[in-house]
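J.: Now for the letters of each chain:
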Amino acid sequence: MLVEIIEETKGKDGRRILKVAKENLIELMTELKKQGFNHLSLITGVDRKDKIEVVYHLHNFESKKYIIVKTETLDERVPSVAGLWSSANWDEREQYDMMGIVFEGHPDLKRMFLPENWVGHPLRKNYDLKKVQYINMDEDGNDYATFDPGDGW
Amino acid sequence: MKTGDVGLITTTLDKAMEWGRSNSLWPLTFGLACCAIEMMAIQASNLDISRFGSEIFRNSPRQSDLMIVSGTVTKKMAPRLRRIYDEMPYPKYVIAMGVCVIQGGPYNQGYSVVLGVDRVVPVDVYVPGCPPTPEALTHGIITLQKKIRNETDR
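Protein chains in written order, with my numbering: chain D, 1 to 153; chain F, 1 to 154.
Calculated directly from the structure, the hints in this document are not laboratory data.
Watch out, some of these pointers could steer you wrong.
The calculated label-pair distances, taken between Cβ atoms and stated as ranges, are [as the list claims (entries may be wrong)]:
hint	chain 1	residue 1	chain 2	residue 2	range
1	D	E8	F	H139	55 to 61 angstroms
2	F	K146	D	D13	53 to 59 angstroms
3	D	I67	F	R119	43 to 49 angstroms
4	D	E116	F	T133	37 to 43 angstroms
Anything over 10 angstroms on all C-beta distances counts as not near chain F; from chain D, calculated [to be verified]:
hint	residue
5	L18
6	K19
7	E31
8	I68
9	N136
10	G152
All residues carry an ideal CB built from backbone N, CA and C; glycine is no exception.
Make a model of the complete structure from these sequences and hints.
T.: Okay, here's the thing in structure tokens:
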């Protein structure tokens, strides 16, 4: 493989874990897809306080092998892999909703579960749980978030 | 009720209505989380609630008069729950099943859970537990029937 890998380790169950700079992410993912990793199981985000780690779990149905790709970002921005695996579309939207990671090049990056005007991203370490937000539905059936306890639930 | 010697029963219309209502509760098919698994058990043959007049679960809120809120109510679900409750015809009753529905339960400090469904709809009977056993829910339904008939539960 020509892509520069920062670190390669093995997990407890023998899965390869590749760590890569985010500039080389798309190049590595394209290479892995060519090798037959045609299923993106999930995308997760890890909040390390000073940086955010994004983890991709890939599966190869032919050889029945898993591979884990990790990348880090300081400015909450990561290139999108939605062009390679279509399932990344919703996975990345979920990570944007919960962790606030902006996936550059995503076709339709909006919140997955919470209303569009919800303040903050709930799974981040710096999310303030004391500022309680409520959700209500307007007449058209669209959700909106509010800080007013009399307006929603 | 008074029973005479001539084979007649006299009662008030209110009492007859209450008796009829309490013995034909039609619950709504409305499962939100894991408590719904226990709720399903009460209508199966083992713990058949039809014995107490609660009949089968209806799929439409327009045909049912009992809502068993079984499972965590998220903030996103709360407006929908209110809308389903509004669609049910009067008289209608609500049973809050499980601690999540009563006050948030293990998700009490989370950002996404309504701390008690009684903030959304008026609740008649609370059934605590995580999850409550089907027997506890059956007891809750019998308690609701007694409440409808204005009987004390002692």
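J.: If a hint holds in the structure, say so; if it doesn't, say that too.
T.: Verification of the hints:
1. For the pair E8/D and H139/F, the beta carbons lie near 59 angstroms from each other, so the given range of 55 to 61 angstroms is met.
2. Between K146/F and D13/D the CB atoms are about 56 angstroms apart, so this pair conforms to the stated range of 53 to 59 angstroms.
3. A beta carbon spacing of about 47 angstroms between I67/D and R119/F agrees with the range 43 to 49 angstroms that was offered as a hint.
4. For E116/D paired with T133/F, a C-beta distance near 41 angstroms keeps the hint of 37 to 43 angstroms intact.
5. The claim that L18/D is not at the interface with chain F holds, since no C-beta of that chain comes within 10 angstroms of its own (minimum 33 angstroms).
6. Distance check on K19/D: its Cβ is at least 31 angstroms (rounded) from any Cβ of chain F, clearing the 10 angstroms threshold; non-interface status holds.
7. Interface exclusion of E31/D from chain F stands, the closest Cβ pair being 39 angstroms apart, more than 10 angstroms.
8. Separation of I68/D from chain F is adequate, the least Cβ-Cβ distance of about 28 angstroms exceeding the 10 angstroms criterion.
9. N136/D, annotated as away from the interface, has a beta carbon of chain F within 10 angstroms; the closest lies near 6 angstroms.
10. For G152/D, the condition that its CB be more than 10 angstroms from all CB atoms of chain F is violated, with the nearest at approximately 7 angstroms.
Violated hints for the displayed structure, listed by number in ascending order: 9 and 10.
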